[in-house]
Amino acid sequence: MNVLVLSGYGINCENETLHAFEVVGFKGKIVHINDLIQNPKQLNNYQVFAIPGGFSYGDDTGSGNAMAKKILTNLYDQLIDFSLKDKLIIGICNGCQILINLGLVPSLNKKDPEVAMIENKSGNYECRWVDVKVNNNKSPWLKNISILNLPVAHQEGQFMIPINLLKSIKANNLIGLQYINNHKKLAKGQFPFNPNGSKDDIAALTNQNGNVLAMMPHPERALYHYHVPNWQNNTPKKFGDGYKIFINAKKFFA
Amino acid sequence: MTNTIQILSIEKTGKESSLQKEHNNKSIKIIDGYFFSRNLDDQKFTKISKLISNDVSQTILTKKNINKVLSSYCNFNWVVEIKFLPGVTDNIATTVKEIIKDNLKSSFKSFELGSTKIILIKGRKEDITKISKNEANPLIQTIKIYPFKQYLNNFKKNQFKIEKVKLPKKKYSKKEINLDISDYNLSLIGKLGIEENDKSRRGTLGLDLKSIKTIRNYFSTIKRKPTDVEIETLAQTWSEHCKHKIFSAKIDDIQEGIFKKYIKGATEKIIQLRKDNFCVSLFTDNAGGIEFNKDWIICHKVETHNTPSALDPFGGAITGIVGVNRDCLGFGKGAKPIANTYAYYLADPNKKYQLYRQKNKDPMLPANFIAKGIISGVRVGGNCSGIPTPQGNVYFDDRFAGKPLVFCGTVGIIPKKIKGKLSHKKKANPGDIILMAGGRVGKDGIHGATFSSEELDPNSPVSAVQIGDPITQKKMSDVIIRELRDENLYSSITDNGAGGLSSSIGEMAKESGGFIVNLEKVPLKYNGLYPWEIWVSESQERMTLAVRPANVKKVINRFNARGVEATIIGKFIKKEKAIVKYNKTEILNLDMEFLHEGYPKLNLKTSFPKIKKEKKKIIKKSSLIVKLHKLLSSPNIVSKEFIATQYDHEVQATSIIKPLQGEGRVFGNATAIKPLFDDEKSIALSQAAYPQYAETNPYDMAGCSIDTAYKNLIVSGANSKKIAILDNFCWCSSDEPDRLYQLKEAAKACYDYAVAYQTPFISGKDSMFNDFKGFDKTGKSVKISIPPTLLISSIGVVDKISHLTKMTPDDGDILLVLGNTLNELQDSVYSKIIGYEKSKNPVVNSKDALRTYRNFEKANKLGIINSAIGIDLGGIGIAVTKLAIASKKGLTIDLKLKNKISVDQFLFSESQSRILVSMKKNKLANFKKIFKGSDYTIIGKCTGLDVVEFKDNRKIIRGKISDFAKSYKQNIKGL
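So the sequences go chain by chain: A and B.
Taking my numbering, the leading residue of the first sequence gets 13, the next gets one more, and so forth.
Taking my numbering, the leading residue of the second sequence gets 809, the next gets one more, and so forth.
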């Protein structure tokens, strides 16, 4: 099982993302986008394509847009091809914004981006831990998970979805994760449980197959128990909740 | 007006929310604009629009739809258009250009592009003026205000212009400077700069008469006149910023100077006393390094960026943080930045100071604009670079109204050996190629000049302010750390900061002997720079590398493949000569010895200053609970959560003790990161400064800073044998004997306490003239000096995860104060907020302190300590309340007053070296064994109720935790 972790132009979470995959048993490589453009065939060697978090192009022209346009210009067909196979794609934070700008999720109309990522309602960058629950979703990434405690860190994490599209997203069960409050109920937009004001508390979307996951929270930053805030008060265990996402990827290919 | 086009894209919802909130006006919209230097046909217009916008969230404005789209929001009546001044780095434009070039390839060739921000508003003219003042900085941006209708007409007629840097085409001819002139004229050169042919002056060189005469003597010995480049280079190299002349000068009877005697002297003494030297690299490199584990070294450096942040707070602060990141990249063969630190010393953002640099004009930026700009500058710099920023603090005092202090630090990590060679050693060899990598060179930061906005027009590109571009740097940094370093593809590396190439190459050439540089090879942002400007420009995001000729091609290719420019600009030579050519004309030829050591040494005298006593303020009679709430909500104690949540401290997945601690999220004194996936060792970070104590007793002030920075790491669980510290002196009026006296005293304390604690200094920096000389609103001349500020940053290794402490006691825990509480309220938060009590300033007793710390460390390793917090500002009262807020668990404190001190003194004294700890009852016996003969007091217990109470026989203070939390989490007014 091999994972390709994308890097370059301000992506910055590639090391810890690769590490998370390695911990669950993947072999992997960090590949610079320019090297991938030079040799797109190398995608054949990989089962998982991961776009990590970061600040590609400094968020200029909107988070994820410039990198999405670079992929669109140079790698789009190969990536679509990848997504249509029995393979997995994950975009985390900036990676999520890139997948959204590429239209790879929710990908209901198979054309231009259908969803946009806009600035947090607070107007601030938000680095904080949140609880999310898995919606009724068949994605292999989210199998057998109910609730996750993960950190977010973003300026533009609000999913903007036209009303009609939102209806079909719900009808097709494409909402991956939703922010919940301290009573384990949907956050209903309430800050800080929902850190960005996303409609319907959406924290992640998938495509129809569920093999492509675009999520704003960072599972790779919640890999070990000592990543979790105030871990000293918890019963000792080895892993944090983020581990569950990566182990699911492994199970998919097992 | 030219035949060009602009693309405007309006966000349907979102972006303007914070602006609307701030100005209490719902009728505000923001438009992103892009100006093209050439016309676009409809097809290209559509295609490009699609590339740079998202049609789900944005609408592209066209001549056809603009009326309809905009009127659907509201009837706007004013428009502000904000553009960068020509020559100022426009990062958005660079990205847009790249997207277009990549997508349209050869079908769309050369074009210029500028980005703009347009704000629409319905409101009064005053509102729009206010908004424009808050949203733009005239030093780097042009602000134009239009009536809405006029703007629409202009848009429809394509009436706007793109302003490029238009520098007069000047042909360079070598300029020789005659120094055989009167003392008066010599001093004019030093003060105002070299005279141009049109009699204008280039801007201050900061050279005093003695220095200029030294230069004259040198050139009369070698029998020729100096060139302008030579004088500029000497001025840069000899500047206080680069040479730290005050710290190296003879001062009173200290021949070797205070750096050698007290700072470096302390470290040498400690190394001699301790047999286990864990210091790897001291003072000479861009950062100081210590051993992390058997395979890795960590380094730390803290810089200040004060003056630039006063002029352009955002640009100054972002440049500060990405600049110190480069110090890390330039440590040894290049360390990977793994954490940022910050400390801001600011004026009250809620006050209007109304200061002017010139009589009735050239106003200082408002205090809240400065504070906000600095906070966001570090946010963007740190977050965009993917470096966590866990550790920092903010302190407010009116005396920072003329000059804010902005400390930015970085921690880096590097393997001890790279391909079998020690990584912290580097040497440019004779014959090595000089390679400049990263950004291009413009007029940024030349002379760090300060000039008024009136002087700025399209023909004079900004030279005072640099703006950091973290993405360019991130791209460069990734190539260096991930690809080039570990293949050993270069022999030496250093960053380009102050003094630019003149400084980086000058420093590196010490390793080989000398250098020859061909300045015309240096890639420029725009044409028309004079050679001396290229040589000293402080354009950001550049590293200088020394590369063996055989590797040069490989290195350049590697940079280029990652979208980074790298250019051969010269070579290092064995001969101890500094040589610079421009189109084959030799314009600089100096002996390396003279360049680096030729400056006249200072001889400083100090005198005992008049102590400025704290003004007596009558204590308002109020209950203790009111006082406690007042202190909790005071700006220097109140939570800094709003900063912690906007600085990404989780990136790199290393954060294990976070800035906000406990379920109740209390802003901690120290943080910890675990930098390696395969080693449980962690790095604890903290810092401390006490400018408020400085005027009373600078020696004790420095002692307190060292004690607090050290204590915070001990409390966090660090190994006391693996703690190092950094000194950053920010002083004022350092040409005055009484300020120098304070400096000497503080430096002396640095020696005494560092040696006592055996914690070595590994790196430091100073900034000696933080004074504002200008005018108040009535036109009266004023001088505002910062209080002498010594920031001590501490870095330590935590051996095991289980050693890391927490701030949250559990039900049934008993609470103890370790250390002694004295009546030390002078200059405390209490005396400032509540009123002055007859009292003394805090003094550190290093012997007692050490006993407490060593015992604490022992007890913690044995698992006796359940929770702990260092006691500092606001004393025991605040520390107890913080524990309760963090844990959301009630505490009861019995006030058993010793030493004849009052309740107020007991609760709020800022006596040093104290720790508030909690432990299970059954651990008390073991604790007592360890702490035999050491000062401690059992003060209460954790009740698990929802109240905090302090009582003696009758109840004195009793309040709900949630109420205290409310006070502690109040917003800072003005921010």
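Calculated directly from the structure, the hints in this document are not laboratory data.
Computed from a predicted structure; not experimentally measured.
Every residue gets a Cβ at the ideal spot worked out from N, C-alpha and C, and that includes glycine.
Check before you lean on any hint, since a few could be wrong.
Pairwise CB distance ranges (calculated) [unchecked claim]:
#1 Asp89(A) / Lys952(B): 27 to 37 Å
#2 Ile1746(B) / Ala266(A): 54 to 64 Å
#3 Lys53(A) / Asp1294(B): 43 to 53 Å
#4 Cys882(B) / Ala266(A): 52 to 62 Å
#5 Lys182(A) / Lys1159(B): 49 to 59 Å
Against the structure, the hints:
Here the CB-CB span from Asp89(A) to Lys952(B) is close to 45 Å, at odds with the stated 27 to 37 Å. The hinted window of 54 to 64 Å between Ile1746(B) and Ala266(A) holds, with their beta carbons roughly 57 Å apart. A hinted range of 43 to 53 Å is violated for the C-beta pair Lys53(A) and Asp1294(B), which are about 27 Å apart. In this structure the supplied range 52 to 62 Å holds for Cys882(B) paired with Ala266(A), their Cβ-Cβ distance being about 57 Å.
Checked against the hint of 49 to 59 Å, the pair Lys182(A) and Lys1159(B) passes, with Cβ atoms roughly 51 Å apart.
The structure fails hints 1, 3 (numbered hints given earlier, in ascending order).
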